Amino acid sequence: MKKNTRDFLVSLYTTMYKIRNFEEQAIKLYRDGYIRGYFHPYLGEEAIATGVCAAMDRKDYITSTHRGHGHCLAWGADLKIMFAELLGRENGFCKGLGGSMHIADYTKNNLGANGIVGSGAPLAVGAALGISIRKERQMVSSFVSDGSTCNGSFLESLNLASAWKLPLLFVIENNQYAVSTRIEDSTGEPELYKRGAGFGVESIRLDGNDVLEVYNTAKLYVKRCKNGEGPFLMECLTFRKSGHHVNDPGLYLPKEKVDHYKLHDPLLIGKKHLTELAGLSGKDILEIENMVMAEIKDAIDFAIKSPEMSEENFLKFVEEY
Amino acid sequence: MKKNTRDFLVSLYTTMYKIRNFEEQAIKLYRDGYIRGYFHPYLGEEAIATGVCAAMDRKDYITSTHRGHGHCLAWGADLKIMFAELLGRENGFCKGLGGSMHIADYTKNNLGANGIVGSGAPLAVGAALGISIRKERQMVSSFVSDGSTCNGSFLESLNLASAWKLPLLFVIENNQYAVSTRIEDSTGEPELYKRGAGFGVESIRLDGNDVLEVYNTAKLYVKRCKNGEGPFLMECLTFRKSGHHVNDPGLYLPKEKVDHYKLHDPLLIGKKHLTELAGLSGKDILEIENMVMAEIKDAIDFAIKSPEMSEENFLKFVEEY
Amino acid sequence: MDTNILIEKREIMYRDALNEALKEEMARDDKVFIMGEGIAERGGSYKVTVGLLEQFGGKRVFDTPLSENGFTGAGIGAALTGMRPVVEILFIDFTMLILDQIVNQAAKFRFMSGNTARVPLVLRTQGGVGNGLAAQHSQSLEALFYHIPGLKLVMPSTPYDAKGLLKAAIRCDDPVIFIEHKLLYMNKGEVPEEEYIIPLGKADIKKDGSDLTIIAWSGMVPKVMEAVKILDGEGISAEIVDLRSLVPLDKMTIINSVKKTEHVLIVQEAVRRGGVGSDISSIIQEEAFDYLDSPVKILGGLNVPCPFNLNLEKLVIPQTDDIVRASKEAVYNK
Amino acid sequence: MDTNILIEKREIMYRDALNEALKEEMARDDKVFIMGEGIAERGGSYKVTVGLLEQFGGKRVFDTPLSENGFTGAGIGAALTGMRPVVEILFIDFTMLILDQIVNQAAKFRFMSGNTARVPLVLRTQGGVGNGLAAQHSQSLEALFYHIPGLKLVMPSTPYDAKGLLKAAIRCDDPVIFIEHKLLYMNKGEVPEEEYIIPLGKADIKKDGSDLTIIAWSGMVPKVMEAVKILDGEGISAEIVDLRSLVPLDKMTIINSVKKTEHVLIVQEAVRRGGVGSDISSIIQEEAFDYLDSPVKILGGLNVPCPFNLNLEKLVIPQTDDIVRASKEAVYNK
Ligand SMILES: Cc1ncc(C[n+]2csc(CCOP(=O)(O)OP(=O)(O)O)c2C)c(N)n1
Ligand SMILES: Cc1ncc(C[n+]2csc(CCOP(=O)(O)OP(=O)(O)O)c2C)c(N)n1
Ligand SMILES: [Mg+2]
Ligand SMILES: [Mg+2]
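Chains as they are written, first to last, in the working numbering: chain L, 1 to 321; chain G, 322 to 642; chain V, 643 to 976; chain W, 977 to 1310.
Wrong hints could be hidden among the right ones.
As the list claims (entries may be wrong) - Pair by pair, the computed Cβ-Cβ distance ranges are:
1) P570/G with D815/V: 37 to 47 Å
2) D1297/W with K486/G: 50 to 60 Å
3) E1030/W with E319/L: 53 to 63 Å
4) N1287/W with E616/G: 25 to 35 Å
5) L589/G with G1034/W: 29 to 39 Å
6) N634/G with K165/L: 33 to 43 Å
7) P834/V with P249/L: 54 to 64 Å
To be verified - Covered, in the sense of this in silico footprint (three residues per stretch, anywhere, with C-beta under 8 Å from a C-beta of chain W), are these stretches of chain G:
8) 369–382
9) 411–419
10) 522–530
As the list claims (entries may be wrong) - SDA-like, lysine to any residue: derived pairs with alpha carbons at most 20 Å apart:
11) K108/L with R31/L
12) K135/L with K1023/W
13) K1007/W with Y321/L
14) K59/L with E1017/W
15) K970/V with S879/V
16) K1023/W with K618/G
17) K578/G with E1017/W
18) K1143/W with I988/W
19) K1182/W with M1201/W
20) K618/G with E457/G
21) K547/G with Q459/G
22) K1035/W with R58/L
23) K1227/W with K59/L
24) K401/G with K637/G
25) K701/V with E550/G
26) K637/G with E683/V
27) K515/G with K135/L
28) K1183/W with M1228/W
29) K255/L with K701/V
30) K1178/W with D1266/W
Note that these hints are calculated values from the structure, not bench results. As the structure is a prediction and not an experimental result, all values here were calculated from the model. The beta carbon of each residue, even a glycine, is placed where N, CA and C say it ideally should be.
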């Protein structure tokens, strides 16, 4: 196999593991009182952000959801600045004013997480509209949740993108639940990619836990978007590996599904790719993981030592607002 | 042929002609300064309201649109009270406070016109939800415009009705334009009934200018709604026989379409039914028309002579509001 | 009589008081039903609807998809056709998705129909700042509803008020916006076992006083209570007027208190600019100008969204010591 | 110089002034684009965008579907990524469909991002009562935007102001809600040929006076002008402060005028309860209490939706003779 394929598979796994370990460590920080507010972990959905972002250029754009850490990390966010934001520190991405639900990096075309389910989709339409007006070879990926496919903000966006033929890829992260409500109870058509056809949008459903499947599909759509064939919709089937947020034990999740997805974990699948397709050993993988863990540990130390915005600085900030 | 078929066909034509003549006379009243504000004529779309309402029981419910006179009339509204409302008189349906865009008859299960495009659909979901909670054998027809199929209010409603399996029939009146904007420019999928499948709603497209086709399809769906098989969606293809509102000459409407629909007029088709299926002569039809015209003339006389709400009464009304 | 006294000493939480109100009204009238996100099996994010599903079944207690605009409209449609829905919107911030249905539909039908339609809908929602929920989950937006004719607006601060007012809201034939506060749900207070109703439009004097009238509602009331204790210690006797319902507004209680104390402080959690406090100030000023010994003072939130950082969060809304300070300014006319 | 004088006498309509502002700004900056319902080929319901399509092409001037929430959000997304969109919402009533995007998104990004994001969006819309358009097309809802930190709010009353302020709004790096009035579009006024800009946040004294300050904006300004002529004839010299932009608010001009006249009337078309006038009243009262000779009076709309019937329509918002009457009450402290 080619060297670059090996490197590429390693990079995919590294990103997924980074997200996994980031969330796990951040949850500990939450339990220890360092992080407050809402925190929706991306655990179990790592392959989606990883696969899609790997298929994009960094002059493209993303919009994220309330479950947004994974998208930021897969897009390449600096771990230190991310932790700093989650801890509400002044050197965080948003100076500690945004936090988990509003983390973003506008300087790097990451339009950020959104606390209102579905409301990121119209923003993505706008970014794609700007591209289309400027006639640039860029595209936008809009991550949206299954819950948002029942919401007007998303549905209008799907139609607008289609009416205006925008370079936009909608990525539905269908983890099958909105908090405790099953998607089957939220809609008459739980195969969510089928929404697309009704608006003239080419759509597909795939295994969102298989990073290669996600990557390969996204790669194609990203290219076709840039060729002016957009928009597209890909529904990535997945499952939360945790409660809805840090304080939700998720007891309503049925045991058989939980068990199934324990074996169908995106990281297990990623490991299989590494061993079967790239010939890595268990030790090689452990090395990758250790490296990531060390990096995350450093980032946490950095964040914990970072100062919060002073009252004085804040009031100055408020004044010019 | 059976006597009742003949009577039935006559009643359909009578209703359509009533709507036609009502709108034509009302437009004259508008030009003469008797009617003010927005007035969106139902000209050219008469078969839809007529066919659907004929298929329903009067303990069912309807919600209407900004182009709402036809629905009111087909539902059986008293002509006098309707004109009185359009003229802003105290004995109108809404005491002259509502007018054309808000005409309604809550006492008769007509939830009325709506000035906000798409916003009637959620109300219809609610009426159907109430039926479902009370476990009654009723249903709701919600008339919606093609423009509203691009709006979240309608799209969320489509999904809600489906998720909750409600006895609700959505009737899209696709007149192919939103003011001057072609439906093809508003959506990536101008065959609007296709929206339905994405939400698990059985949907169909049909000729909205053929009152029998509308009636027969609606009849089936009304029954199936009452059997608990709802919701359904029927897209009725039609065309405005006028500008968007009374002051819009509609110059943007392409000549070939205007010409086509001149020949494909719902009243011409209705007449054909009367002669071919019910054996009526031209003279028979003229008699029907004359009767309707006389009734409308009377109603107009009544309305013109009716008083407006006095300042005193209004202020009393305001006080208790 | 003895039992009565015993019963009246029962203390329950704000969220349980709301729960009781819902249960009693649903038992009384089978037209009452409730829907919202996660309110059925899960019992609601703030545990207000626990046990309703079991008692009243899935037809009258059910979860909705994330279609706020659609299901609110469905509530209105049901209300128009004889039902009495209670619709829950998880955060008042999300009501920004439903304003067309509330402002253009629910609030207007009675009037537009010449009094032939009524919309007996209760929209329960929850607002205010607390616990680092940041800019999109920490707003106090009552002013937006206050300005719309046709809506009632209720914001209780205690378990007792919450129960009595929610029952009244459900029986009201007009749409009622019922705003709870995220920090009050676990607060305890006396709630009698026997049934009672608090009519909409009656303010409650939470404490008598003679030097200063402090007007507040919802989450600010407990803070004002704390502040008033401190003021008492410093020889300032403040009267607390808890508005409880903003529409209808109990002008008479306000004006009478102002006439007595001649000094007014309005404390509001919402941003200062264009809040309900401004309107109350303008009313006092128009109707009791000659009694005022100093300007009506408003202590409100800063004109910014809510920051995520917890320490900064505290800066943007009035805290107890801010209230103490502002009270003194109001009394000494600084 | 001669030509200058000639040019300055040019009179054009409000709608044409807006049209010129759009054309000039679109020619100056190719990041500016405009979208809305029927604004391209048809030139807009009020003819404000006539000719733009021809001059700037379909990529920068285009019609939208009836997806108000979606296309407003698209405007915000475009603004976040370097464009300068002008989004038109046909009636302010329909903005009730887009408040999530305006309140929770556009208004918050700058703050939530710690100043790294900006949203240079102009939302043009149109409000007010006129011509029997009834309850869902006749609202004055500026108070809802006024209360939201992060938004600018502009409501011009003359062609001159409309042009200068729209140009400033397009150049502003924060979201601007720009509200036109349905009865002003055909009003004529002087607009110089040469380019000018009116900075946001500057009120304009439309007429000097010494006995009474009348504060107004948008559609009420012409009515106040009429009323003031009548008052002049009766020996009352009123000063007219046209706010032009409500956010930022030009407090200094207001307070200075009040200090001079010692009497204030605020005239607003919006319903009285919870309108912007209340906030201005509360500010005057807090900042100029000792100068006030009588209470700040507010003349506003009745607390009801707008009736369809034309004669009743007139009753719900202030008319010229109401303003005359209220002015006298303000001056003579009744
Ligand atoms: C418009 C809106 N409604 C409700 C909420 C509250 N809420 C936050 S996350 C969530 C569940 C979302 O489920 P889904 O969309 O499937 O995303 P997931 O959490 O499963 O990733 C809810 C109800 C919200 N933030 N925004
Ligand atoms: C939400 C909303 N947006 C815009 C308008 C203004 N408006 C009234 S009718 C209309 C065109 C509607 O077209 P369509 O929905 O196809 O209905 P039609 O007039 O063709 O029957 C528009 C834009 C409105 N009333 N409501
Ligand atoms: Mg989900
Ligand atoms: Mg149409």
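query: Under the criterion that the straight-line Cα-Cα distance not exceed 20 Å, is the pair K578/G, E1017/W satisfied?
result: Given pair K578/G, E1017/W holds - Cα atoms ~19 Å apart, limit 20 Å.
query: Going straight from one Cα to the other, do K401/G and K637/G come out at no more than 20 Å?
result: Distance ~25 Å between K401/G and K637/G Cα, so the pair is violated.
message: Using C-beta distances, would you say chain W covers the region 522–530 of chain G, given that this needs three or more residues below 8 Å?
response: violated (count 0)
- prompt: If you draw a straight line from the CA of K59/L to the CA of E1017/W, is it 20 Å or shorter?
  reply: Distance of about 34 Å is beyond 20 Å: violated.
field: 20 Å limit on alpha-carbon distance, applied to hinted pair K547/G and Q459/G
entry: holds (6 Å)
message: Please verify whether K1227/W and K59/L have alpha carbons no more than 20 Å apart.
response: violated (44 Å)
field: Given pair status - I988/W, K1143/W, alpha carbons within 20 Å
entry: Judged against 20 Å, a Cα distance of about 17 Å means the pair holds.
message: Need the status of pair K1182/W, M1201/W: alpha-carbon distance at most 20 Å?
response: Since the Cα atoms of K1182/W and M1201/W sit roughly 8 Å apart, the hinted pair holds (cutoff 20 Å).
query: Would the pair K1035/W and R58/L pass a check requiring their Cα atoms to be no farther apart than 20 Å?
result: The given pair, whose Cα atoms are some 25 Å apart, is violated under the 20 Å limit.
message: Would the hint linking K515/G and K135/L be met if the CA-CA limit is 20 Å?
response: Judged against 20 Å, a Cα distance of about 31 Å means the pair is violated.
- request: Examine the region 411–419 of chain G for residues whose CB is less than 8 Å from any CB of chain W, and state whether their number is three or more.
  value: holds (count 4)
message: Taking 29 to 39 Å as the stated bounds, is the beta-carbon spacing between L589/G and G1034/W within them?
response: holds (38 Å)
When held up to the earlier numbered hints, the structure conflicts with 3, 6, 7, 8, 10, 11, 12, 13, 14, 16, 20, 22, 23, 24, 26, 27, 29, 30 and fits the remainder.
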